[in-house]
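Participant: Residues per chain, in single letters:
Number of protein chains: 2
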Amino acid sequence: MTTISCVGIAVLDYLFSMAELPDGGGKHYATGYREVGGGVAANAAAAIARLGGKARYVGRIGDDPVGARIVADLAALGVDVSGVEEVDGVSSPVSAVLVDRAGERTIINYTSDALFAAGDASAAADMTDVDGVLVDVRWPAGAARALAAAAEAGIPSVFDFDRPMTDGGKSLLALASHVVFSETALAETASVGDPGEGLLVIRERTGAFLAVTTGAGGVWWLDDGMEVRHQPAFPVDVVDTVGAGDVFHGAFALALAERQPEPAALRFAAAAAALKCARPGGRAGTPAREEVEELLKGDR
Amino acid sequence: MTTISCVGIAVLDYLFSMAELPDGGGKHYATGYREVGGGVAANAAAAIARLGGKARYVGRIGDDPVGARIVADLAALGVDVSGVEEVDGVSSPVSAVLVDRAGERTIINYTSDALFAAGDASAAADMTDVDGVLVDVRWPAGAARALAAAAEAGIPSVFDFDRPMTDGGKSLLALASHVVFSETALAETASVGDPGEGLLVIRERTGAFLAVTTGAGGVWWLDDGMEVRHQPAFPVDVVDTVGAGDVFHGAFALALAERQPEPAALRFAAAAAALKCARPGGRAGTPAREEVEELLKGDR
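Chains as they are written, first to last, in the working numbering: chain A, 1 to 300; chain B, 1001 to 1300.
Bound-form chain A, shown alone (with noise of 0.2 Å):
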């Protein structure tokens, strides 16, 4: 089975469902509330594991309860949680996600600045039976350590930039196969609005493969040519947005570390996307593999 080490941040996240979302001030009493594992790279893997790929979680987590619940949320997930390490005296990650009838969600998230600040990433590097790699922005240190082991075992690595890095990323930029933004983060770490002229602007920093995700506008991606293309979003009625993004890297490094080019595999990752935005519960609502095959299948 293809297995792929996603190397970053596992969060709890407090789900609350609203009418809106807050601006400003006040007190709002939330529709819905649930608790559900969440974090960029935690929910690429529990993504992986849905989409019939084996997933490795490494990261770290707090020595509290949270911390507990989230490695065994993964666990209950298939997800191989061998790589985590608790770091003590340290909470746990944790994210209140607020999200309207629309879908549309906002994150607040707190990270404790000495959960990734110091100590040995050397989890990150192993690549034993490891076909594929994806990292986030959250523990860069880990990032490096496993974009250079991919590097040198010969297998892809996805890079999410989903937000900006205070050196502009420059280092992983250097060491990924694949780099997929966000729209926010490649605008500030390009200093370009226009998603394709964005990416021809990181496309003189690295010789990775590059795209950057939409949302519902699709993905912008470069092909050999230096040609900007397209993969639209696969239309659905978008009921929750949290963890789509996750989803999307997830179903993109599987697929990439399954042979599958490019296109191929952007095209399954949206589909993926698409099918997760369709849903409640955050990643509780990843489709299997099934159902992403049947999506792609009634729009060929």
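Hints are computed from structural coordinates only; laboratory data are not their basis.
Keep in mind that the hints are not guaranteed to be accurate.
Here are the simulated DSSO-like pairs of lysine-lysine, each with C-alpha atoms no more than 30 Å apart in a straight line [what the hints assert, rightly or not]: (1) A:Lys-54 - B:Lys-1027; (2) B:Lys-1297 - B:Lys-1054; (3) A:Lys-27 - B:Lys-1054; (4) B:Lys-1297 - A:Lys-27; (5) A:Lys-54 - B:Lys-1054; (6) A:Lys-170 - B:Lys-1027; (7) A:Lys-54 - A:Lys-297.
Given chain A's structure and the hints, the job is docking chain B onto it.
Facilitator: For chain B alone, kept in the frame of chain A given last:
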């Protein structure tokens, strides 16, 4: 020692410190995080214990770790939790509380409809060794039982009317000896924007003592001659307003039960709430009795 029975809701607050409150969608990163007990009646009970009174919290929680945590936190503050009922198969109330650099806050609360929907409210009517009562709007059946029992026992009862009720709060207004509105609840219940005018509208529906808190704008209240009077807020550097209203109501109920006249009780409550606003951490910032007395002395 003066004992107040506080009847209503208890919550676990997930408190995120932020540069600014979110406005619509997106991802936000908190600079700090803590979990602290909350909820209108429970906060009032915690404040009363801190202010040198004896507090009993009477209400309901779910049969989950959050509920156990809520009760343990109250007990650790010296609050009598023998009147807490655990409801099977229901989740305990939780809130995401977002606090900005100026101390402004937005609260997103989830309370299951099932928590207070049915069951026996007789614990709320127990006035054994009780000198005063405080109720919130979250558990109307419990509030009605407590207010009626307080009236029968001839002890003061404070109705914290902080959000509009579907019946306009009619039955509770008729039972309470003292009603303290929030500005928005008064405006909606009286259909009048001006606090003083609003109190005069409500005067036609109840013989209770009437007041309304307006944050930094101070407290407006009606004296025996139907005159609108004003208690200014004590000036402080505001860092966190979370729970400040609840501290106000708890302090007011305690002072009344100590047989302070209303103007003195309002002043005591205003001083306690102001000191709370100058400190972070939600109700963990409630001042001690001596600190309140000190502030009142300096103001004379």
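Participant: So, for every hint listed, does it hold in this structure?
Facilitator: For each hint, the structure was consulted:
1. A:Lys-54 - B:Lys-1027: Since the Cα atoms of Lys-54 of chain A and Lys-1027 of chain B sit roughly 29 Å apart, the hinted pair holds (cutoff 30 Å).
2. B:Lys-1297 - B:Lys-1054: holds (24 Å)
3. A:Lys-27 - B:Lys-1054: holds (28 Å)
4. B:Lys-1297 - A:Lys-27: violated (34 Å)
5. A:Lys-54 - B:Lys-1054: violated (57 Å)
6. A:Lys-170 - B:Lys-1027: Holds, because 22 Å separates the two Cα atoms, which is no more than 30 Å.
7. A:Lys-54 - A:Lys-297: Roughly 24 Å separates the two Cα atoms, so the pair holds.
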